[in-house]
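Protein chains: 2
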Amino acid sequence: MTLTRRRLLNLVGKAGGAAAAYRTMAAMGLLPVPAAYAGPPNLPPGSGHGVSVVIVGAGIAGMVAALELGKAGYRCRVLEARARPGGRNWTLRSGDTVEEVDGSQAVAWEAGPHMYFNPGPARIPYHHQGILSYCRALGVPLEPLVNDNRGAYFHDDKVLGGKTVLLRQGITDARGFVAELAAKTLDREALDAGVSLADKERIAAFLKDFGALGKDLKYHGSSRAGFAIEPGGGTEAGRRNEPLDVRQLISSEFWWRLNFAESAGMAATMLQPVGGMGRIGEAFGKALGDVVTYEAEVTQLRRTDHGARILWRDRKSGAEHEETADYVVCAAPLTVVKRLDADFTPEVVKAMAAVDYVAAGKVAFEAGRRFWELDDHIYGGISWTSRDITQIWYPSAGFHERNGIIVGAYIWSDDIGEAFAKKPPSQRLADAIADAEVLHPGYAKEVKNGVAVSWAKIPFSGGAWAEWDEGARDAAYPVLLQPDGPFYFAGEHMSYVTGWQEGAVRSAQYTIGQIAERVAARKI
Amino acid sequence: MTLTRRRLLNLVGKAGGAAAAYRTMAAMGLLPVPAAYAGPPNLPPGSGHGVSVVIVGAGIAGMVAALELGKAGYRCRVLEARARPGGRNWTLRSGDTVEEVDGSQAVAWEAGPHMYFNPGPARIPYHHQGILSYCRALGVPLEPLVNDNRGAYFHDDKVLGGKTVLLRQGITDARGFVAELAAKTLDREALDAGVSLADKERIAAFLKDFGALGKDLKYHGSSRAGFAIEPGGGTEAGRRNEPLDVRQLISSEFWWRLNFAESAGMAATMLQPVGGMGRIGEAFGKALGDVVTYEAEVTQLRRTDHGARILWRDRKSGAEHEETADYVVCAAPLTVVKRLDADFTPEVVKAMAAVDYVAAGKVAFEAGRRFWELDDHIYGGISWTSRDITQIWYPSAGFHERNGIIVGAYIWSDDIGEAFAKKPPSQRLADAIADAEVLHPGYAKEVKNGVAVSWAKIPFSGGAWAEWDEGARDAAYPVLLQPDGPFYFAGEHMSYVTGWQEGAVRSAQYTIGQIAERVAARKI
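Just so you know, the protein sequences line up as chains A and B, in that order.
The first sequence lines up with residues 67 to 590 when you count with my numbering.
The second sequence lines up with residues 67 to 590 when you count with my numbering.
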């Protein structure tokens with residue numbers, strides 16, 4: 067059977083090439099076909115001639131829309147309130163400024179290719195083929211992002227007396243606990259009827275391997291949890307870490323974060339652009355050239371007989387401008403769009419009010435010494451604490467450089483995020499330093515030149531990302547998926563991948579497909 | 067309590083700086099002190115003046131020994147049979163040649179910074195601080211190595227009708243199975259006495275999160291297993307992969323490989339030098355300069371009244387040379403050392419015979435198209451198959467480049483490795499291509515210019531790495547840890563980290579410590 071199948075595939079391969087063999091194999095159910103990413107809608111060249119589109123916002127969604135519509139001959143203009151492309155795709159480097167609604171912070175750290183901070187998106191999962199395809203097309207070099215570093219730390223004030231442990235200790239000991247519990251069923255009728263003795267033995271053997279159990283099917287610790295003394299040369303056989311009190315660990319919901327790297331968007335391989343996530347926005351901006359008008363703040367959206375009239379203000383000169391277009395793609399966050407003086411229907415206004423935006427925030431510091439590598443042997447990844455900073459991120463690039471940028475907080479839960487927004491940046495930084503001491507004693511002396519970004523307070527963002535609750539997804543989301551006359555809505559919020567750049571890409575592609583269909587129908 | 071502790075640490079930090087706070091925290095048991103790596107023995111400067119050491123082999127162990135002894139004033143000479151430093155630390159690039167005992171292969175692929183192949187070691191775990199410290203000291207840039215890519219494939223001819231699945235499917239579904247099994251104990255007395263209802267509820271909640279179980283504490287599939295259709299923009303809510311038949315999976319021992327990335331040496335963060343593992347050997351070679359004599363094949367080791375006499379042959383000219391030294395560090399593999407014409411004691415000869423070397427081998431191909439990224443969305447990591455090739459490795463660098471090098475086989479089990487060694491390289495390559503078709507249909511048309519390295523057939527290696535069985539570790543290993551007159555033994559085989567460069571580093575450091583003690587004793 068195996069030979070026959072292989073022979074068949076070889077024959078198909080010889081006759082039709084690799085792609086044919088691939089499709090045959092997929093059709094035979096022998097290959098997990100990667101999740102379908104069809105690419106952008108294949109708009110016929112020239113199909114957009116004579117059609118004008120104004121796009122509000124040069125974030126990822128707006129720029130994807132402009133790029134793809136432009137290829138098909140649409141006349142596009144992107145109006146971007148900021149002086150740079152990318153929107154929440156943003157990398158801070160030496161000399162940059164962070165503007166919040168009530169103040170600004172200068173980025174004062176040393177310059178260097180590895181001296182950057184992504185206040186917004188900072189990781190791309192391998193299966194986000196929409197954004198990855200644009201990285202390929204636009205020549206944005208990628209490198210691995212270490213998301214799950216088992217050598218980083220875990221800390222919960224309420225558990226183990228506030229002791230900090232290695233992630234690999236928590237993960238390994240929890241696996242051992244679960245496997246040991248599972249093995250207990252094997253001796254009993256608890257297991258489904260019809261399971262043979264041989265089956266039970268095989269399951270027991272698997273559980274032993276899964277959980278690093280002993281011959282007695284109990285967990286007694288494992289080298290998977292790391293070493294108190296590393297095995298070495300000569301007589302140094304090493305000593306592994308002692309098991310933790312797992313029942314205590316798992317009593318804390320915070321500890322369940324141990325499972326985070328299993329989730330759909332967090333599992334390896336995770337990627338990042340070399341030099342900062344902002345490289346993507348910058349590459350889109352470069353590709354679009356003067357299709358984007360910067361520092362152009364849209365103030366009004368009006369319906370006209372044949373489309374829309376857009377009023378915008380040049381933030382440099384203060385001059386007001388008017389623009390007409392057949393269609394408008396509102397590719398800014400709803401926090402911004404809903405505040406425009408616009409001719410939206412009451413249904414759309416109501417729908418826009420139904421979505422919540424997360425008041426996420428991040429803090430970054432310059433470190434003159436990569437203490438996390440030198441003292442803690444942490445190369446990339448994330449440490450977790452139950453304190454407000456929630457996470458510390460270590461850079462996945464620039465290993466063994468003299469200095470570096472450490473992400474000193476990544477906050478996304480509503481209550482902590484809202485409190486964070488209310489504090490002045492100096493207080494956010496002071497609090498972040500105090501929190502981090504549980505993970506890195508002496509931290510206060512290691513870090514300087516902190517920057518604290520609260521997305522709720524960033525003009526033209528007004529939040530980090532959209533979250534639809536079930537009711538809003540059912541009722542409001544479909545309303546915004548339909549054009550409101552000439553007005554379309556695009557962005558991560560108009561997707562099932564909210565909070566990710568992939569959502570912005572896929573939403574923009576959906577929207578241009580809608581526009582192209584409408585244009586095609588009009589022309590026939 | 068928490069505040070008091072924090073205050074104490076702040077006080078210590080203020081008084082003694084970060085390092086003092088760190089040590090205090092560690093002493094309080096509040097921090098998982100990273101596994102102790104003391105660094106190389108701190109030999110007093112000048113302590114080796116007038117002492118001569120010949121080192122056999124410019125592999126990692128030999129070069130660490132030469133570097134550290136040299137710092138302390140020892141007169142060192144490294145005799146290396148090959149024309150390059152590094153030993154098994156080796157990167158093949160365009161234009162290189164692979165010499166086996168009975169033939170040679172030219173590396174014919176296109177040149178490029180990402181067009182390389184490491185036939186030997188190819189990954190460094192974050193906690194191997196010995197080798198990492200030398201990377202830091204010698205200025206070898208590092209980057210993450212993707213070891214565990216959940217988007218790579220798993221395939222077993224005997225399971226699921228030979229269907230290939232995503233690693234994340236196997237891993238997620240197995241977790242679900244184990245958690246569901248564990249949850250069954252909660253309803254019964256099976257659980258230890260003394261567990262309260264509240265405890266049971268907490269454990270149940272944890273198991274639900276651990277295994278992605280439903281409210282009924284049963285596993286019904288999860289987005290953690292990946293998507294058949296990715297969630298996207300607009301109306302595309304996506305569809306997750308259906309659960310596999312886990313009982314079938316775990317019936318295969320091969321499937322337990324799913325747990326590999328949990329193990330001590332395989333868990334993230336894994337690292338690699340930018341441009342190939344050989345960068346480390348090259349950096350050591352550069353640092354040592356003419357301390358290393360290349361193409362110098364040691365033929366005899368003799369005892370003398372005051373040390374040793376070493377005979378070696380210049381492989382370029384064929385000339386025989388004689389050298390004397392107080393001590394000799396045999397830093398070549400025992401496969402090589404035991405074949406020397408040497409004045410070893412019978413105990414040492416017997417001990418050397420007790421260690422096994424693994425007949426591991428690898429295959430690499432040039433690909434003109436990075437089909438694993440384009441078709442399969444695989445960025446780095448490893449696919450597994452029950453067929454002989456065992457693994458396919460995808461490069462962790464050069465993402466989205468036009469071309470690349472794919473590791474088409476990594477074999478280390480004795481029977482397959484020995485069969486691999488016996489085949490001519492052309493046959494190894496043909497077989498590797500046939501095997502890979504189950505993972506990548508059409509593979510044969512994608513790859514070219516293969517290179518196949520069988521370590522058993524590489525001169526001056528004669529095997530991939532040492533494996534001590536329990537008896538040999540107890541009886542033979544201690545014999546070789548003691549100097550045999552002027553002769554010392556160093557290398558990965560003389561460590562508890564066999565098969566890793568870390569073992570070579572730590573063994574060399576152990577050995578120079580022994581020599582320094584002896585020298586100090588003589589001088590007093």
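A hint or two may mislead.
Copies of the same chain look alike in the list, so a pair counts if it works inside one copy or between any two.
Simulated crosslink set (BS3-like; lysine-lysine; CA at most 27 Å straight-line) [stated by the list, open to error]:
(1) Lys352 <-> Lys284
(2) Lys229 <-> Lys266
(3) Lys274 <-> Lys224
(4) Lys137 <-> Lys352
(5) Lys224 <-> Lys266
(6) Lys404 <-> Lys229
(7) Lys281 <-> Lys488
(8) Lys382 <-> Lys404
(9) Lys511 <-> Lys489
(10) Lys589 <-> Lys281
Note that these hints are calculated values from the structure, not bench results.
Each hint, compared with the structure:
1. Lys352 <-> Lys284: Close neither inside one copy (59 Å) nor across copies (51 Å); limit 27 Å.
2. Lys229 <-> Lys266: Answer is between; shortest inter-copy Cα gap is 24 Å, intra-copy 38 Å.
3. Lys274 <-> Lys224: between (31 Å within a copy, 21 Å between copies)
4. Lys137 <-> Lys352: within (15 Å within a copy, 52 Å between copies)
5. Lys224 <-> Lys266: For lysine 224 and lysine 266, only the inter-copy Cα distance (19 Å) is at most 27 Å; the intra-copy one is 38 Å.
6. Lys404 <-> Lys229: This pair counts as neither: shortest intra-copy Cα distance 46 Å, inter-copy 50 Å.
7. Lys281 <-> Lys488: neither (55 Å within a copy, 38 Å between copies)
8. Lys382 <-> Lys404: For lysine 382 and lysine 404, only the intra-copy Cα distance (24 Å) is at most 27 Å; the inter-copy one is 79 Å.
9. Lys511 <-> Lys489: Within. Shortest intra-copy distance 22 Å satisfies the 27 Å Cα cut-off; inter-copy 60 Å does not.
10. Lys589 <-> Lys281: neither (74 Å within a copy, 52 Å between copies)
Hints 1, 6, 7, 10 from the list above are not met by this structure, while the remaining hints are.
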